[in-house]
Structure formats: C-alpha cells, structure tokens
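In case you want the letters, here they are:
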Amino acid sequence: MTCREFRREFQAFLDARKASVLSAHCEEHGSTCASCASYARSMLQLDADLAHLPEVDLPESLIHLAGSIESAEAARPSWRPYIIKGVVISAAAAIGLALSSQLGPVGAQLVRMALVSAGFFMVLVTSLRPYCVSDDSANQTTP
Amino acid sequence: MSAPTLPAKGERTAEQTSFYAIFQQFAPRLYRQAVRVFGNNDEASEAVQEVFVQIYRSLPKFRGEAELATWIYRIAANHFVTRKRRKRHDTVPLEDSRIVETLCEDGADPQSELEQKEVREQLARLIARLPPRESVAITLFYMDGCDYKEIASLLDTTVGAVGLVLHRGREHLHMLLTGKKGGDR
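Protein sequences appear in the order of chains S and X. Residues 2 to 144 (the working numbering) make up the first sequence, in order. Residues 16 to 200 (the working numbering) make up the second sequence, in order.
Hints should not be assumed to be uniformly reliable.
[Claimed, not checked] Derived DMTMM-like pairs: lysine to aspartate or glutamate, alpha-carbon spacing no greater than 20 Å straight-line:
| # | chain 1 | residue 1 | chain 2 | residue 2 |
| --- | --- | --- | --- | --- |
| 1 | X | Lys76 | X | Glu61 |
| 2 | X | Lys164 | S | Asp16 |
| 3 | X | Lys102 | X | Asp159 |
| 4 | X | Lys132 | S | Asp48 |
| 5 | X | Lys164 | S | Glu10 |
| 6 | X | Lys102 | X | Glu61 |
| 7 | X | Lys132 | S | Glu29 |
[Said to hold, decoys possible] Covered stretches of chain X (in silico footprint by chain S; criterion: 3 or more residues with CB under 8 Å from a CB of chain S, positions within the stretch not fixed):
| # | stretch |
| --- | --- |
| 8 | 34 to 46 |
| 9 | 49 to 59 |
| 10 | 63 to 74 |
| 11 | 90 to 102 |
| 12 | 131 to 141 |
| 13 | 175 to 183 |
No lab work stands behind these hints, which were simulated from the structure alone. We put the beta carbon where it would ideally sit given N, CA and C, even for glycine.
Same shape as in the complex, but just chain X (with noise of 0.2 Å):
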C-alpha cells in the first residue's frame, strides 16, 4: 500500500514506520468487520479512523503485554461497541423490524425462495441492527474466527457471557429475517 500523502520510507521515524505498518495490516481487517457492525461505509471508515487515532496516541505507551493484535482489536472492539451504542437511538428496535415476513415459515427453505447471494447481502446489513455487543460478537466470531475465550477477552466479558451474546445474536437476527419470535414449549 502506498500513498503520496505519506513520508517516503527512509524519512519516517521509527514510531511512524511502526504505525504505518500497524495500520497496513489490520485497516482493511478493522474497516470490513466496522462495515458490517455499523452497514454503512462512512460510519465505518470515521470508526476505523477514530480507531487508529487512539492507537496513534497509545502507541508510545503499549509496552507488549499483551499481544498487538490482541492489543489493537480490544481498542476496536470497546470503540465499535461505544461507538454504536451512542448511534443507537437513531436504529429502529428489533422488534419493529420485519425483513422477509414470509421467508421462513414452517417448511419452507429459505434459499430456495431467494437467491443465496441475495439472502446473505441481507444478512450482511441486517448485522449492523442487532444491539452493539452482539454486532462485535457475531462479527469476530464468524468474520475474525475468534473462538469465545478471545471475544471474552476483547470485550472484557467472561467466556459464559460470549456464549450467551452469540446466541442472542443469532436469534435476533433469526427474528430479523423472519419476522417473528421463536415459541418456547
């Protein structure tokens, strides 16, 4: 990647030329995961911006703890989370929300009835309407492969926890598609 706004590489100090590699390498990790957590590119690229201002400014002080990519997508995580959950008023509440009424009742198979494609480009927007914690949650775990003891970790929550905002997550967006609330017996 490279850019006419930014120092030729012998010109850079080293705090720069780490930046620039920090940034080279999770950018477009961090921009595609906010894409999907927010569902829109703007929002997305002022999240991922206001991200790499912070580790700008924190930096100087990482002192290798922790793992930098474990370092980065925790100041991600908690901002996406943050982030969102200022904007909330301004979604419409899951229950509100009916995508495809028909699309799932019983018997029905949901990809015979619309293209796959179609379905998950759906899916895909429909994420960026679940609660702040379950977007980050779904987006690591299926996006990132993150397994529950890493999203526990980034979200600063326990394993039990994780497990249970997944489940949340797939059943808000279950009712998302359909329409409706799973019965219990």
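Next comes chain S alone, as it looks inside the complex (with noise of 0.2 Å):
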C-alpha cells in the first residue's frame, strides 16, 4: 500500500464517524511508515478538534433582520404593473395595426402615426411616474 492509498482510506475511515474499520494493508502500511502514523494521529486530533469547535455568540442585530429584511423588501418597487401594462398596450397596437390594413394608405399611415405618439407617450408616463410620486411625498414631509 503506498501512502496515496493510506491517506485516501484513512480520510473516508474519518468520514465514517469510526463505524468503520481499517483494513489490515492500511494497518500495516500504518505500523511501519511513521510519516503516516503521524499523517493519523494528527487527523485524528483535527477530526476532534473539529467536532468541538467553540460556540459562536449570536449578534444583537440578528434579531432585528427579519423586521428590516421585511420593510426593505415592502419598499422594493415592483415591476409587475409596468409589464402588464406593457403587454396590454403591445396587444392594442398589434390590433391596430391589423385593422389598420382594412383603412387604405392613407388611413393606415395615420393609425401608425397614432400608435407610435400614444406608445412613446405612455412609456413617458411610466417612466416619470415613480419621480413624480417621490417628488410629492418629499414636498409632503417638508414643511
């Protein structure tokens, strides 16, 4: 057995939780190569050092994460509406657009021209809207 093979079943001797035992060859190789006996003891006592390791002291603030994680999360704004929105809006130029065939050249250009100003219009709106509502609440909270 070389040490490659000593170590590697020492290693999963130590995951067993000793409910295994070692192998007579790992044995053996253990009794006569004392880089090995020592490579043991030393695992041996990482092993159980680190099954006792020193208990750690929750924090204060701990305590007070789930209240904050919760009202930063309230305060998160949602996209949600904007994509539905979005959706709606797409839907009724697609139908325009359609319909739009039925009116000749002209009528046609005209239903474009509307869709495009309403489109832009509305995305204006949407994207100004979160502004203006926190300009409103500041000029609320200042006196």
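Assembling the complex is the task here: the two chains are given apart, and the hints tell you how they should meet.
Next up, the structure:
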C-alpha cells in the first residue's frame, strides 16, 4: 500500500465516524510508515477538534434582521404592473396595426402615427411616474 | 425571540408569520455556519441577510417538493460558496500561510504544545481560509452533522465529490496548522 492509498482510506475512515474499521493493509502500512502514522495521529486530532469547535455568540442585530428585511422588501418597487401595462399596450398596438390595413394607405399611415405617439406617451408617463410620486411625498414631508 | 421592529403576532399575515418562523428557526444556525465560513462576524451577518432576502422572495414559490430545511440549507450553501468565491481574491493563498510551523513536528503532540481551546479557536478561524466548497462542506459535516448524501444534495454535487472535498479540506487545514505538505510515497 502506498502513502497516497493509506491517506485516502484513512480519510474515508474518518468520514464514516469510526463506524468502519481500517483494512489490514492500512493497519500494516500505518505501523511501518512513520510519516503516515504521524499523519493519522494529526488527522484524528484534527477530526476531534473540528467536532468541538468553540460556540459562536449570536449578535443582537440578528434579532432585528427579519424586520428590516421585511420593511426593505416592502419598499422595493415592483415591475409587475409595468410589465402587464406593456403587454396590454403591445396587444392593442398589434390589433390596431392589423385593422389599419382595411383603411387604405393614408388611413393606415394615420393609425400608425397615432399608435407610435400613444406608445411614446405611455412610455414617458410610466418612466416619469416614480419620480413624480417621490417628489410629491418629499414635498409633503418638507415643511 | 422578539423585537420592537416586528409587527405584533396578531397583526402579521400568514406569509409574514411563516417567514418569521423560518427566520427564528434557521437564522442562528445559518449565522454560526456563516461565521465559520467567512471568519468574520460582519460578513457573516451580511451573508445571512442576503440568504434571508432570497428566502423571503422565493417563499411564495416554494412548493414543498423538497423539505423546508433542505431548501433553506441549499439556498444558504450555494450563496455562501458564491459569495466566498467572489471575495477570494482578498484572501491569502493556502500555500503562503504558515500559522503554527512547529506545531506538528513528527512525534510532537499538538495538544500538549498549546491549550486545546486555543488550537480549536485557531482552527475555527482557519476554516474561513479554505476554498469556498471546502469550508462549506466542512461546516456542514462537523457543525450541522450532515452526511455525504445530504451535503451532495445541498451543494448540487455527487457523493464521491463530497468525500474528496472533505478530504482536501482536512488536508488543507492540516497544512495551514502545520505549515507543511504531506509527502507521498
């Protein structure tokens, strides 16, 4: 048995939490190789130390964490209403474009222009709305 | 556990109640694990906060296909590994670190050289210097008592790979403690 094989088997032995036993080959190698015998002793000690690490004190701030996460998440802006509005506007635009083909070239052009203008207007209103709302609330709180 | 910032029990919604219950049950354990993985109380608090933000956002989508504890530990384990990977450039490479050079010379008993408590405190700090998956696997194995199969499920890997990660983790810890690599024959 090589040292590498000994160490691999010894590590598996440690992970089995001493439920298994070392093979005869492994025992024999451990009794003849000083380096591996030292390795085994160190690993046993390391395993015991890892199983008894010092306790960690919980900080006071941890108690308040749940509340702060809750309030931070409640204040987070949601994109869902904007996505729904976008889908509705796109569907309306698609229907409008499909119907515009019935109105001849001039009518179709007018419908397209109207849809593009309406689209720009909706995008502008949707983008500026959060700023308008926060400005209003800022004005209310400022004396 | 109670806090003045939390809504009173009767005023909480069902979703809030379950989040607070989960927080109370798992936060201390995840925090202890994070302290060992990151070796720093502030970073551990930040990491735990990020984990609970993820849990809060994903809770409505949790369908109960996995056990709640497994689901939470998977989120935490993956988050700790990812976060530690991001921060790795700040840490000292294992090879450059020689903590207690003379601690484990052949024939010497480490526990007789230093107080056992001191060695364990040192060891607890050294876990934070391991590569991300090794530190998380070591804490799951030794602190949470998870077996190979559970760790494999939490880290999305195979049982064989967990054995290798634990093996390497202990070897690295041994190397950090002794400041020498084991020679193979």
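Going through the hints against the structure:
Our distance criterion of 20 Å between C-alpha atoms is broken by Lys76/X and Glu61/X, whose separation comes to about 24 Å. Of the pairs offered as hints, the one joining Lys164/X and Asp16/S holds, with about 12 Å between alpha carbons and a cut-off of 20 Å not exceeded. With a C-alpha separation of about 24 Å, the suggested pair Lys102/X and Asp159/X falls outside the 20 Å cut-off, and the hint is violated. With a C-alpha separation of about 14 Å, the suggested pair Lys132/X and Asp48/S falls inside the 20 Å cut-off, and the hint holds.
For the given pair, Lys164/X sits about 19 Å from Glu10/S by alpha-carbon distance, which is consistent with the 20 Å threshold. With a C-alpha separation of about 13 Å, the suggested pairing of Lys102/X with Glu61/X holds against the 20 Å cut-off. Restraint check for Lys132/X and Glu29/S: the C-alpha separation of about 33 Å exceeds 20 Å, so the hint is violated. As drawn, the stretch 34 to 46 of chain X meets chain S at 7 residues by the rule of a beta-carbon pair under 8 Å; at three or more, the given contact holds.
Counting residues of the stretch 49 to 59 of chain X whose beta-carbon sits less than 8 Å from any beta-carbon of chain S gives 3, enough to reach three: the coverage restraint holds. Check on the stretch 63 to 74 of chain X: 6 of its residues sit with their Cβ under 8 Å from a Cβ of chain S, so the three-residue criterion for coverage holds. Coverage of the stretch 90 to 102 of chain X by chain S is violated. Counting CB-CB distances below 8 Å, 0 residues qualify, and the rule asks for three or more. For the stretch 131 to 141 of chain X, the proposed coverage by chain S is satisfied: 7 residues have a C-beta within less than 8 Å of a C-beta in that chain, meeting the threshold of three.
Residues of the stretch 175 to 183 of chain X lying with their CB closer than 8 Å to a CB of chain S number 3, which satisfies the three-residue condition for coverage.
When each numbered hint is compared with the structure, violations occur for hints 1, 3, 7, 11.
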